Structures are given as C-alpha cells and as structure tokens.
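Colleague: The lines below spell out each chain.
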Amino acid sequence: MKILVMVKRVTDPNVIIRVNAENTSVDLNNVKMAINPFCEIAMEEAVRLKEAGIATEIIAMSIGPAQAQDQLRTALAMGADRGLLVESEESLEPLTVAKLTAKVVEEEQIGLVLLGKQSIDTDNSQTGQMLSAILGWSQGTFASKVDIVDNTLNLTREVDSGLQSLTLTLPSVVTCDLRLNEPRFASLPNIMKAKRKPLVIKPAADYGVDLTSKIKTLKVESPNTRQSGEIVGSVAALLDKLKTEKGVI
Amino acid sequence: MSILVLAEHDNTGLKEATLTTITAASQIGGDIDVLIAGDQCAGAAEAAAKISGVSRVRVADNACYKGLLAENTAALVVSLSSEYSHIMAPATTNGKNILPRVAASLDVSAFSDIIGVVSADTFKRTIYAGNAIATVQSEDTIKVITVRGTAFSLAEQNGSASIGAVTEAHDLGLSTFAGESVAKSDRVELTSAGIVISGGRGMQNSENFSMLEKVASKLGAAVGASRAAVDAGFVPNDMQVGQTGKIVAPDLYIAVGISGAIQHLAGMKDSKVIVAINKDPDAPIFQVADYGLVDDLFDAVPQLEQAL
Ligand SMILES: Cc1cc2nc3c(=O)[nH]c(=O)nc-3n(C[C@H](O)[C@H](O)[C@H](O)COP(=O)(O)OP(=O)(O)OC[C@H]3O[C@@H](n4cnc5c(N)ncnc54)[C@H](O)[C@@H]3O)c2cc1C
Ligand SMILES: Nc1ncnc2c1ncn2[C@@H]1O[C@H](COP(=O)(O)O)[C@@H](O)[C@H]1O
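Protein chains in written order, with the working numbering: chain A, -18 to 230; chain B, 70 to 377.
Excised from the complex, chain B in its bound form (with noise of 0.2 Å):
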C-alpha cells in the first residue's frame, strides 16, 4: 500500500492540515508520499521533508498551479496515481475542489471529510450536520479521501524524507487564478487554535467585534463567526464556523450572541469546553455549554476583557 497526500501549504510552509492528514494516512498504513503543488513552494517542500513517516516529497513547481486551479491540479494528482492505493488530502477549500475531480477521472468514488480510520478501506465519517456517524466502506482499488483535521492529532516534525521534483506541467487551460483577498489577520488561525471567541447576530454590528477581538488578543485566541453574522457583513466568510463554513474544536470555545443552530453546533460542538454567552437563558447554545452565562453581551464581554 502506498498513499499520496496532497498538502495544504502557503508555499513557504506548511498548514496544520496537513499534519493532521498524514496523522490519517498513517493509520492505514503503508509508504506516504506528500505531493506540494505551487508556484514557488520549494519552502513548503522543505517542511514536509521533515514530517515524521513520510517517504518521499514531490514538488510540482509550476505557475500553472498558481491557487491550486482544480482542473490543473486534479490532472497532475492523476498522473502521479497510479503508483497508490490511496490519494488523500485535507478536508480544506482545496482538498474539496480537488479530490472529488480526481476520484471522477479516475472513475472511483471519493469520501468527504472523514473523521476516523477503521480499516485500510472503511472510514467514518459525519452525515445531517453531525446528528448521525456513517462507516462506510469502498470497494473501489483507489480511495480518494479528505480528512477533517480536528479528529486526528498532529504528525511529529522530525523526519528527514527525499524531496524529488514533478517536471511535467498539466496546464489545461480552463480555468485563470485572477486574485485573492486574503484576510489579513497575526491571530492564530481559526482552524487551529487553541481557544476560540465567535460572535453572532447579537453582535449587531462589525464594530462590535473588537470587543471579541480584544479578548482574543489576551487569550491567545481565533475569532470566528455565525453564518448570521457573515451573512449581515459584520465579518468576512472565512470566519464562518459550521456544518458549511469551518469546523474547529478547540481547548475552549465561547460563543457570544449566538443562539446554537444545528447548523452552527455541527462547526464546534466537539470542542472540549463551551462557553456559552447569551441573553436568552432558553438558548439552544446553552444545552451543549459546559458553563452558560444568561447576560447582555455588551455587559459581560467587557466584564471579561477587564478580568482577564
């Protein structure tokens, strides 16, 4: 057996995904190559030669994997494949776009988003908003999967893995990468951090954030969002936590103004400890908080930020 991941990276290092993707690899079992696929990413390459467990790195170094176009990267992923058993990424903006295009070129089935390894071919995996646990199993002799990163642990960093490169360009021409707006943030990233602050409708505004966000500052801490208040523009979409937006469990999630939607739970409710902060003491939120507080936001959230 042999499995090919492709890592999520900034083509200087690497994601957090990744690690965790390799942490799922290495659970089936068998050699593990990481494909890096970029435009200048020899950085990116270096640092997955050093993760624990893998065998060998490939560098597809090329402007026509600028933004990881998925009609580019998908046939680059299906020229490499068949020398594996398994084809594996994270269950990233990335690892979604691609994945299910090289399952379909290479006529198998893919598996979303998988939250746990039961065997080399059965998988579990999250089905109606997290309220039911699917094992599944494929038949299929590539499996193409996507992993959620907060169901597995990180890979060790202490490996010393041959780093060869991928020469042959798959520039299919369908498609341009025409710009990014990346948010600009130094706070630790939602997906990965340790303690999370989110805000919902109750925030009522964009301003009214930095309240969360002076508490983030002290705690070390992510921000993150309800679709509500992605929705009324307060902030941007890559803060959005939940069944359709980002899914984060990290050591302590407090949710400010958020009332607890199926939708919004299924983002955060494997998070160790929940805080809940909300004026309305017949909140859903409040059924899955380990410590709820019945208060106006806009008295307790300051309350805290003097405290802390």
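Looking at chain A on its own, in the form it has when it is part of the complex (with noise of 0.2 Å):
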C-alpha cells in the first residue's frame, strides 16, 4: 500500500505571532517557519507502517511556496521515499488544497492519506474530511491509534467526551492528533540521505483545478490584550479578592 502524507510549512509554534500594521493580514518578516507539529506525527506513523511491513512506499507532498521543499526534505530525512512540492506562491484554501491532493491521490494510486489534524496557523482542521468526500473514502480524524490488519482500519479517535473507536475501510483519510506517537529526530546520516531522494516540484496550475479562493480576508485584527493583574501574598488574600472585588465564588 502506498501511502501519501501531507506536509504543511508553517509558523513555528514557538512564535508569537502580531498582526501586520495595515491590518490586512499577519506580520511573517523574519519569522521562523517549521513542518506543522500534526503534520510531524502523521510523517511518523507513516514511517511505523513502513517498518511493520504494511505501507510500501511514502510520498510527501507539500502545497505550497518554493521554500516548502525545507520541510518536504525534512519528511524525506524522517523516511520518505519521494518528496512532491505542489508549487504555489499564494496560500490557497483547504478546499483548494484537497481538490488538488485528490488529483495526485488518483494519479499514484494511493491506499491511505495521512494528514494532520489542524493547520497551527489557520487553525482550520478541514482539509482531510474535505479529501475523504472529494475522494468518496472513509474518514478518520483525530487520531490517536491506527492498527491495519487485512483490509480493515480499526481507528482509535480523540473526542470531546473521551475516545471513540471505529472499523474504516480502506482507502481512507486519517487526520492525526497529539497522542497517536512521538515523532523521531531525524538523523544526521538520514538527514545526507534525504539530500539524494527525489523531489519534483509541479507547478499547481498544472493539475485543472481552479485555484482561485472563494473567501475574501476583510480586515485581521489584535484581539484584546489582557492586562497581567497582581500577585497576591496568600491563599486568604486571593479568596478575599474573588469574593469581595470579583464576587466569582
């Protein structure tokens, strides 16, 4: 089974990020960009399959500018085979993203897509369900344990009352969350390596799909700042201060 996991170059989750001074849109000058965390660990369970014997090669492929290729070599020294830079200078959105993964998925004859859960700057967590009903697959999100035996995906999920478990068909989309593993460290005989994998890079025109966004960015804002308060001396202080300024308990 060929599997195909999608990287994502985004801001380090480290930085704080401001908004620009027009408020058109956020300030990136100098900011260090990183692989997306989420994005990191579906490279790494991608890499597990391989190891168990079930996926037989790993496609990394990354949809955006030129300088994506840092964080596809980065996925090729974590063990993917071959990387693929979907080039585009503008960041396109999640349905853009999807329709364009669904071409490449039908080109390559994928068996399993591998997705993060949530983008860390658009914070969106759309473009795996968006693939899985382009592509008319099962759907996993949220993962935090995936186990292939035969043709079955058995997909443990995180959700908002505890974990829920469920039998996937396969093909499918799988969004991965914080628990499903460790990410390793490449290494730096792997990270040579990675030099020497082929990349090729398409330009995202070339696939027939309308690139042009349907969402209009109006205005980014500052949300409001809070004020740090004060430090109070004791236990005794602080239940006087919620009760008697705050009266919330």
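Accuracy of the hints is not assured; some may be wrong.
[What the hints assert, rightly or not] Restricting the straight-line Cα-Cα distance to at most 27 Å, the calculated cross-link-like pairs of lysine-lysine (DSS-like) are: (1) Lys80(A) / Lys193(B); (2) Lys222(A) / Lys(-17)(A); (3) Lys253(B) / Lys126(A); (4) Lys222(A) / Lys338(B); (5) Lys(-17)(A) / Lys183(A); (6) Lys193(B) / Lys222(A); (7) Lys200(A) / Lys31(A); (8) Lys253(B) / Lys224(A); (9) Lys200(A) / Lys338(B); (10) Lys222(A) / Lys348(B); (11) Lys13(A) / Lys338(B).
To be clear, the hints were calculated from the coordinates, so they are not data collected in a lab. None of the values given here were measured: they were computed from a predicted structure.
Build the complex from these two chains, which are given one at a time in their own frames, with help from the hints.
Modeller: This is the structure:
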C-alpha cells in the first residue's frame, strides 16, 4: 500500500505571531517557519507503517511556496521515499488543497492518506475531511491509534467525550492527533541521505483545478490583550479578592 | 434565508453547544431548522423543539447515525441541503468532523470555529492560536460554518417547534462505530462550567489531581488540564484545554502548575477572571492572570480547599 503524507509549512509553534500595521494580515517577516507539528505526527505514523511491512512506499507532499522544500526534506529525512511540492506562491484554502491532493491520490494510486488534524496557523481542521469527501472514502479524524489488519483500519479517535473506536474500510483518509505517536528526530546520516532522495516540483496550475479563492479576508486584527493583574501574598488574600472584588465565588 | 443547525446531543438531551450555535444562527437571521441525527434520539428532538427561534426540528433516527459517523451524517446533511443558505454546527469534535465533509461534497468552502457574525456572509474567527482575529467573507451560495460555544450566549428555551422525521437512511458502509470510552464524571461539563480549575505538569502525577477534584467539588467547578498533563497520562484527553483541545471561557479559571504556553492560553484567555498558582514567578501565565499566587501548589491547593 502506498501512503501519501501531507506536510504543511507553517510558522514555528513557539513564535508569537503579530498582526501587521495595515490590519490586512499577520506579519511574517523573518518569522521562523517549520513543519506543522501534526504533520510530523502523520509522517511518523507512515514510517511506522512502513517498518511494520504494511506500507510499501511513502510520498510526502506539500502545497506551498518553493521554500516548502525545506519541510519536505525534513519529511524525507524522517523516512519518506519521495517528495512532491505542488508549488503555489498564494496560500490556498483547504477546499483547493483537498482538490489538488485528490488529483495526486488518483495519479499515484494511493491507499491511505495521512494528514495533520489541524494547521496551527489557520486553525481550520478541514483539509482531511474535505479530501475524504472528494474521494468518497472513509474518514478517520483526530486519530490517537491506527491499527491496520488485513483490509480494515481500526482507529481510535480523540473526541470531546473521551475516545471513540471506529472500523474503517480502506482506502481511507486519516488525520492525526497529538497522542498518536512521538515523532522521531531525523539522524544526521538520514538528513544527508534525504538530500539525494527524489523531490519533484510541479506548479499548482498544472492540475486543472480552479485555484481562485472563494474566501475573502477583509481584515485581520489583534485580539484584546489582557493586562497582568496583581500578585497576592496568600491563599486568604486570594479568596478575599475573588469574593469581594470580583464576586466570582 | 434558511439555516440548518446540526445539533450536538446525547440522544436524550441537548448539549449547551447547540444552544450557542442557535444564537449565532439567529444573528444571521432567517428560519432556523435543527437536525437531530442519532440512534434512539427522540428525547433530544423534544428538547430541540423547545428552543426559542427554531421553526422545525428534523429527526433522523437510525442505527446508521450511531456515534455520528462522518460519512453517513454528512450524506444526510447533504441530502437536506438544497433548502438552506447556511449549514451550521457547534465546533465540537462532531461538528469539526462532519461539516468540512459536507462543505466539500457541496463544493463550497467552510468556516471553522467562528467567534462572531458580522453579516449573513461575513464572520470573525481566530487564527494563529488566537493571536489574530480575521474577518472573512464567503462568496459561496451555501455557507458552512462551525461555531465556538464560548463566543455566543445560550438561546432561550420557551419555543414550540414542530418535529418531523427524515426517514431515508444514508448508510454508506464506509465505517462502523466500534465503541467508545466515555470519561465518567458527575461534574459539570468543562466547556459550560462557570468555574474551571486546571492542572499542568506541575501536578506530577494522576493521584495529585484529586487535590483539584476536591477544590472543584466545593466550588461546583470542572477540572481541566494542560497538554503536558494529558501527554504524561495524568488525566484523559477530553480534559485538555487549549488551541488543539477545548476552548473554555468561565467566570473563573484557576491554572495550577501550568506555565502558560501560547497554545494553552488560546484555550482559556477569554475567561473573565484568571488565577494562576505557580512557584515560578517568571511563568508566562502570570502575564494574563488577574491574580497570581507564587507558591508551591502542594501547599497552596490544600490551603485553598480548607478555606472554602
Ligand atoms: C501543536 C501543538 C499543540 C498544542 N496544543 C496544546 C493545547 O491544546 N493545550 C495545552 O495546554 N498545550 C498545548 N501544547 C503544548 C504547549 O506548548 C505546552 O508545552 C504545554 O501547555 C505545557 O504544559 P504545562 O504548562 O503543564 O507544563 P510546563 O510548561 O512544563 O509547566 C509546568 C509549570 O508548573 C510549575 N510547577 C512545577 N511544580 C510546581 C509546584 N510544585 N508548585 C507550583 N508550580 C509548579 C512550573 O513552574 C511550570 O511553570 C501544544 C503544543 C503544540 C506544539
Ligand atoms: N498547503 C498544504 N500543504 C500540505 N498539507 C496541507 C496543506 N494544507 C493543509 N494540509 C494538511 O491538512 C492538515 C490540516 O490542515 P487544515 O485543514 O488547514 O487545518 C495539515 O496538518 C496538513 O497535513
């Protein structure tokens, strides 16, 4: 079975992002970029499936600017066999990303697509679900356990009430949650090896998908910032404030 | 304009998230229908009929909707969609699982976790872990939207809508519900509690969380956690507060042994009053706290419990 892993280039999760002066977007000048943490988890899961003899080949795919090659090289160093960058300078909305990915899935005869559960920049949590709809496949979101036996996928999902277990038919689309695994660090020899692995770049316009956005961003603002309050000296003082000043207990 | 709201429920009753989504729907305007999909869900349908502002409750009661499987439930919603200008659901794990699938099936975009309605086609939502708020406009004919519960008030419950059955079952056979392990708790739900007390890595282990449970019992509070506490196995995943967990905005949020990472703040910084108990005076959580107590939590929490 061939696995496709979706790897997105996003801002580093440790950087605090600020809105630009024009209120049109966020300021990404000189901001450190990284692989979306949830995509790292997806990548790790794919490698484990290959180590278990279930996956035959892992293709890592990103849709984004030329610089997203950096994140694909990281995925190759983690264990992907090939990389595909679908190049687009504009950032594309989830529906468009899903449509482009569906084309690749068909071209490459993919049996399982692994994605992150959420991009930490746009916080959409949509792409996997949309891809699954377009393909007409089964869908396993927010996965914390993936177990493939014969031709079925036993999946555990993190849901609001606890954990849910599903049995899914293959092929399938799975989005990965935090507790699925602990991604490995790429070793130096593997980073060196990754430099020689194939990485194909194709313009997004070549796929015959309408790339125009149906979503207009009218404005981007900063949220209300909280002022830090006061340090209290004791539990008694704290309770007094909560009772008399705020009336919350 | 007509709006379909996919309800969050437990078959016998509604979750509060449904009531906040209906408030968001009423800000858009137009008729509001509520869809109850589930297995043996008549109780939830009756509860939905009582929500003010609802015209019609549509009930799809069939074993194929048990566990709200995304494939079947999305197919159901799509089959009803031609009557509606907006399809909405709470931004719960069900809403986030199902609605993007509905949107792509209809070849339209989706808006996740909105915090404000500007007009029928324009909404506000947070991006970058709550560090920016985007105002976004949709050019699609059908708007598909999930709603953040903490950003809207609860709809009133003195209505009397009609209830009608949707009998056609959409069983796609792509997935089956194989079970669930539901966290057992008689405490108020995390996302609707007036007071939340959360523990982080500083709690050290699972047993120590009982200190927070005791305080919560006295305050009628819910107990939450940071990602680090969940990852370490101190508490189950459904207690995680944050960018990628649950979003809460209670009247009082007490963070115990939590450093205050961006991703945690994204889930609680809209709380009315924030209290932080942490032994490190430089912990970033103090920058958002109304009241900070620099102390060892193993001294402070038992004292707090005693004093209540
Ligand atoms: C993709 C991604 C998603 C994430 N999503 C979330 C999320 O949804 N929610 C979330 O919470 N985090 C999330 N995180 C993790 C986040 O970045 C932090 O790692 C996490 O919040 C830290 O948890 P903590 O504050 O409990 O632990 P730490 O940062 O280790 O802090 C522990 C604190 O406890 C204090 N302490 C220790 N002992 C005591 C004591 N005896 N008395 C008093 N204080 C004590 C310490 O001073 C310290 O400040 C995410 C991270 C990533 C990369
Ligand atoms: N431009 C992109 N390139 C590669 N993967 C993407 C892209 N956009 C979304 N994804 C995948 O979809 C997941 C969920 O993203 P989102 O729906 O944007 O929250 C991410 O974790 C990625 O795995």
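Colleague: Compare the structure with each hint and give your call.
Modeller: Now the hints, each set against the structure:
1. Lys80(A) / Lys193(B): holds (25 Å)
2. Lys222(A) / Lys(-17)(A): The hint is violated at about 60 Å.
3. Lys253(B) / Lys126(A): holds (21 Å)
4. Lys222(A) / Lys338(B): holds (19 Å)
5. Lys(-17)(A) / Lys183(A): holds (20 Å)
6. Lys193(B) / Lys222(A): It is violated: about 34 Å lies between the C-alpha atoms, which goes past 27 Å.
7. Lys200(A) / Lys31(A): Not satisfied, since the Cα-Cα distance of roughly 44 Å exceeds 27 Å.
8. Lys253(B) / Lys224(A): violated (31 Å)
9. Lys200(A) / Lys338(B): The hint holds at about 22 Å.
10. Lys222(A) / Lys348(B): Since the Cα atoms of Lys222(A) and Lys348(B) sit roughly 20 Å apart, the hinted pair holds (cutoff 27 Å).
11. Lys13(A) / Lys338(B): holds (25 Å)
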